[in-house]
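Chains as they are written, first to last, in the working numbering: chain Y, 98 to 185; chain F, 98 to 185; chain V, 98 to 185; chain S, 98 to 185.
Where hints are given, some of them may not hold.
In this list, chains with the same sequence are indistinguishable; a pair is considered to hold if it fits within one copy or across any two.
[To be verified] Straight-line C-alpha distance at most 30 Å; calculated DSS-like pairs for lysine-lysine:
| no. | residue 1 | residue 2 |
| --- | --- | --- |
| 1 | K163 | K146 |
| 2 | K116 | K164 |
| 3 | K163 | K131 |
| 4 | K156 | K139 |
| 5 | K163 | K116 |
| 6 | K139 | K116 |
| 7 | K156 | K116 |
| 8 | K116 | K146 |
| 9 | K131 | K156 |
| 10 | K146 | K164 |
These aren't lab readings, by the way, just hints derived from the structure by calculation.
Protein chains: 4
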Amino acid sequence: MSADMQGHNSVVGGIAVEKLRSYIERWERLDEEKRAIGGDQKDLMSMAKADGFDVRTIKHIIALRKKEPSEIEEQETLLDIYRRALGM
Amino acid sequence: MSADMQGHNSVVGGIAVEKLRSYIERWERLDEEKRAIGGDQKDLMSMAKADGFDVRTIKHIIALRKKEPSEIEEQETLLDIYRRALGM
Amino acid sequence: MSADMQGHNSVVGGIAVEKLRSYIERWERLDEEKRAIGGDQKDLMSMAKADGFDVRTIKHIIALRKKEPSEIEEQETLLDIYRRALGM
Amino acid sequence: MSADMQGHNSVVGGIAVEKLRSYIERWERLDEEKRAIGGDQKDLMSMAKADGFDVRTIKHIIALRKKEPSEIEEQETLLDIYRRALGM
DNA sequence: TTAGGCTATCCGCTAC
DNA sequence: GTAGCGGATAGCCTAA
Numbered sequence: 098m099s100a101d102m103q104g105h106n107s108v109v110g111g112i113a114v115e116k117l118r119s120y121i122e123r124w125e126r127l128d129e130e131k132r133a134i135g136g137d138q139k140d141l142m143s144m145a146k147a148d149g150f151d152v153r154t155i156k157h158i159i160a161l162r163k164k165e166p167s168e169i170e171e172q173e174t175l176l177d178i179y180r181r182a183l184g185m
Numbered sequence: 098m099s100a101d102m103q104g105h106n107s108v109v110g111g112i113a114v115e116k117l118r119s120y121i122e123r124w125e126r127l128d129e130e131k132r133a134i135g136g137d138q139k140d141l142m143s144m145a146k147a148d149g150f151d152v153r154t155i156k157h158i159i160a161l162r163k164k165e166p167s168e169i170e171e172q173e174t175l176l177d178i179y180r181r182a183l184g185m
Numbered sequence: 098m099s100a101d102m103q104g105h106n107s108v109v110g111g112i113a114v115e116k117l118r119s120y121i122e123r124w125e126r127l128d129e130e131k132r133a134i135g136g137d138q139k140d141l142m143s144m145a146k147a148d149g150f151d152v153r154t155i156k157h158i159i160a161l162r163k164k165e166p167s168e169i170e171e172q173e174t175l176l177d178i179y180r181r182a183l184g185m
Numbered sequence: 098m099s100a101d102m103q104g105h106n107s108v109v110g111g112i113a114v115e116k117l118r119s120y121i122e123r124w125e126r127l128d129e130e131k132r133a134i135g136g137d138q139k140d141l142m143s144m145a146k147a148d149g150f151d152v153r154t155i156k157h158i159i160a161l162r163k164k165e166p167s168e169i170e171e172q173e174t175l176l177d178i179y180r181r182a183l184g185m
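Take these sequences, add in the hints, and give me the full structure.
Right under this line is the structure:
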């Protein structure tokens, strides 16, 4: 048997058990936080919807705000050209 | 031993082996076809790019063509309203 | 007006319309084929389910078959070691 | 001009601007928090890797821990049956 | 009305 | 740095 007391710093099959467990649990804790934030976001959009906003459009706006204005401009111009070419 | 000859209609662990194998292989074959088509699509866009087209914009156009014109109109109107409201 | 007859090889806003349209339509056609295959796959799994097979497990098997046996073995060994270390 | 002072509770195109802006900014803030946590998770796995752990296996363990033990057992049993049937 | 499956979207990862 | 890939998630729609 290992010289370590069971449950602390023990090594099983060449694995540092406590370290491994720590990594796993920290990951899970962070995951839980992300999940909670995701829940908040969902609530937020529910409220927006209840206020009469269109959620899809809000998300579209948020996506636009992530881009440089010049990039938006450029892409919209190009799209317009293609649409005109196709008669859309 | 089963009365069936090995390899045909045998049952292992309550599983009809040949039937199972057939389902799996047919799935894999279909998957392979999808993959091949995906390759064709990739080639197609490479050619378009070589012809000077903007692939991102083409994909955007394709997405637009999947929607009803009235739906496009509606969403663009809404987006415009929101953008104006936000001074974008 | 362009010297080209309308609808053939015309250029609008610097865009070779017919070429663009061709790329788009070929892409859409390929997409449609992919969709059809996806439908076949869906039917296939419905049949498997009706035959009493577990669809989730079949999909798992298919995923395994994509990997090298040595890779499967290696990963399962590692997973076992970790599970034992954690008392799972 | 609206009776509201500019920049507060104003309505543009029938849109309650400040409310909309608030929803958007709160969403973006939450997004930023999620992104930060994602970064922490990435760091965590880098550390685990540096400690000699296999990241893929750790993630697998984490996925297992999300499931009920009975569910794991059930799925593994089924998978085993299918694999044996197929001679894998 | 609720549960389940399907689709579309998004994210991180990986391989080039 | 980019594109394809796989996994996860949310919303939609159907069927019970």
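What are the numbers of the hints that this structure violates, sorted from low to high?
none
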